[in-house]
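K.L.:
Spelled out, the chains give:
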Amino acid sequence: MITALRKEFLLQWRTRAQAVAVFVFGATALLLFSFAIGPNAAALRQHAAGFLWLGLLLSSTLTLSETFHAEMENRALEGLLLLPVSPRALYYGKAVANALQLILLGIALVPVMVVLYDAGTTRIPMLLVVIALGAAGISAPGTLYSAMTSQARAKQTLLPLLLFPLIVPVLLASVKATSLIILGDPMGQAQAWISLLLAFNGIYWSLCGLLFDRVVED
Amino acid sequence: MAMGPESLAIDASHLSRRYGRRWALADVSFQLQRGAVMMVAGRNGSGKTTLLRILSTAIRPDLGRGVVLGHDLINGREEVRRATALLAHYSYLYESLTALQNLDIVARFCGAPPSSAATALARVGLADRADDPVSTFSAGMRKRLSFARVLLQRPAIAFLDEPFGQLDPEGFALVEHVVAELKGGGATVVIATHQVDRVTGFADVRLMLEQGRVVSA
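Order-wise, the sequence lines are chains A and B.
Just so you know, we're using our numbering here: the first sequence kicks off at 1 and counts up by one.
Just so you know, we're using our numbering here: the second sequence kicks off at 219 and counts up by one.
Keep in mind that the hints were calculated from the coordinates and are not lab data.
Values in this document were obtained by computation on a predicted structure and should not be read as measured data.
Please note: incorrect hints may appear among the correct ones.
What the hints assert, rightly or not - Chain B stretches covered by chain A per the calculated footprint, using a threshold of three residues with CB under 8 Å from any CB of chain A:
#1 271 to 284
#2 292 to 301
#3 321 to 332
#4 388 to 398
No residue lacks a Cβ here, since even glycine has one placed at the ideal position from N, Cα and C.
Please model the complete structure; the sequences and the hints are all you need to start from.
P.N.:
In structure tokens form, the structure reads like this:
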């Protein structure tokens with residue numbers, strides 16, 4: 001899997017300009033969402049977590065839909081599958097690389113959220129844990145569905161249609177946990193949402209790894 | 219002459235594959251001894267590529283059974299992949315990566331020593347372009363790089379689909395040297411081509427396909 005991960009980092013480094021574009025897209029989405037609320041500071045702060053995750057989710061579809069582009073260009077994925085390598089290792093390499101990219105994107109969007117929504121927090125480590133788990137929960141099924149739709153003509157449309165319903169629990173838990181971190185958590189509820197995120201990550205990462213070779217093999 | 223199973227590189231039995239309603243390969247059976255060079259000839263669309271893709275486990279047969287080096291094409295897929303290499307119509311290369319990075323990925327997956335990527339690159343005459351992205355390569359250079367990929371895999375059976383395509387005369391000589399090298403090392407080589415004259419000299423066995431069926435062997 002290390003070799004697969006290394007390959008993903010190489011490919012991502014070569015297309016790093018796209019990561020900047022995805023960040024700009026996410027930041028623009030956050031800006032536009034803030035217009036919907038208006039200049040009400042309390043309401044902006046109230047909705048900050050939801051908009052952060054919507055921004056991250058919309059940006060993630062841009063990243064995920066392109067994740068198999070290089071693999072399909074010269075049928076490179078078929079070439080890899082014909083090597084003595086487990087399809088599962090290829091999947092986990094790609095999914096981990098995507099998760100890391102989404103985590104970085106999430107972290108980069110936090111200062112934008114703080115500035116636009118006045119939604120700062122001192123519980124930074126907790127916020128990082130939620131972003132990591134939420135991004136991982138999007139990446140695992142997102143990578144699988146990206147493989148499924150990579151040869152479809154309307155992949156940019158098909159991917160969100162398939163992915164969004166599946167990740168509702170992850171999105172809900174991420175928004176709730178982030179909201180509690182920003183607005184305060186006197187009852188200590190954030191822990192329960194983080195546990196839910198952990199559980200869904202466990203399910204997605206194990207199930208998608210098992211299904212990947214069925215998706216990519218003839 | 220009947221061949222024992224341990225001496226067989228390939229034992230294909232009634233292999234068939236269809237795309238939609240059309241049978242690209244129909245009821246193809248043959249046996250090939252280890253260490254032999256086989257030429258699969260036929261016109262465009264005769265089923266050569268489909269046959270090589272089935273034997274290298276890139277696709278599954280719809281009917282029939284194939285055994286490669288004692289391993290079933292379906293149940294022993296991983297073992298077959300460990301022992302074979304396919305030079306396909308597609309280059310299997312990443313456009314944005316350099317030639318060396320592409321080969322380094324293959325070398326790492328195959329467990330080959332790190333220096334082997336540069337050695338293979340030099341073997342196909344691309345050492346001076348090691349750090350150039352594949353997107354800047356001509357079709358012939360991509361073909362050479364794909365050849366380097368096959369060499370890195372050190373296969374017991376090499377499937378070469380139209381190996382002469384897009385190559386210059388120097389490239390033709392390279393293919394002949396590589397085939398001789400593989401054969402010298404005890405490997406079995408299966409070459410699908412419509413350039414029959416070029417392969418006839420070193421092919422031990424011929425298989426002629428027409429509309430997916432074997433017309434002569």
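K.L.:
Indicate, hint by hint, whether the structure satisfies it.
P.N.:
Here's how the hints hold up against the structure:
Remark: the stretch 271 to 284 of chain B is confirmed as covered by chain A, as 5 of its residues place a Cβ nearer than 8 Å to a Cβ of that chain, reaching the required three. Beta-carbon proximity to chain A at under 8 Å applies to 3 residues in the stretch 292 to 301 of chain B; the threshold of 3 is reached and the given coverage holds. For the stretch 321 to 332 of chain B, the stated coverage by chain A is satisfied: 6 residues place a CB nearer than 8 Å to a CB of that chain, which reaches the threshold of 3. For the stretch 388 to 398 of chain B, the assignment as covered by chain A is violated, since 0 residues bring a beta-carbon within under 8 Å of that chain's beta-carbons and 3 are needed.
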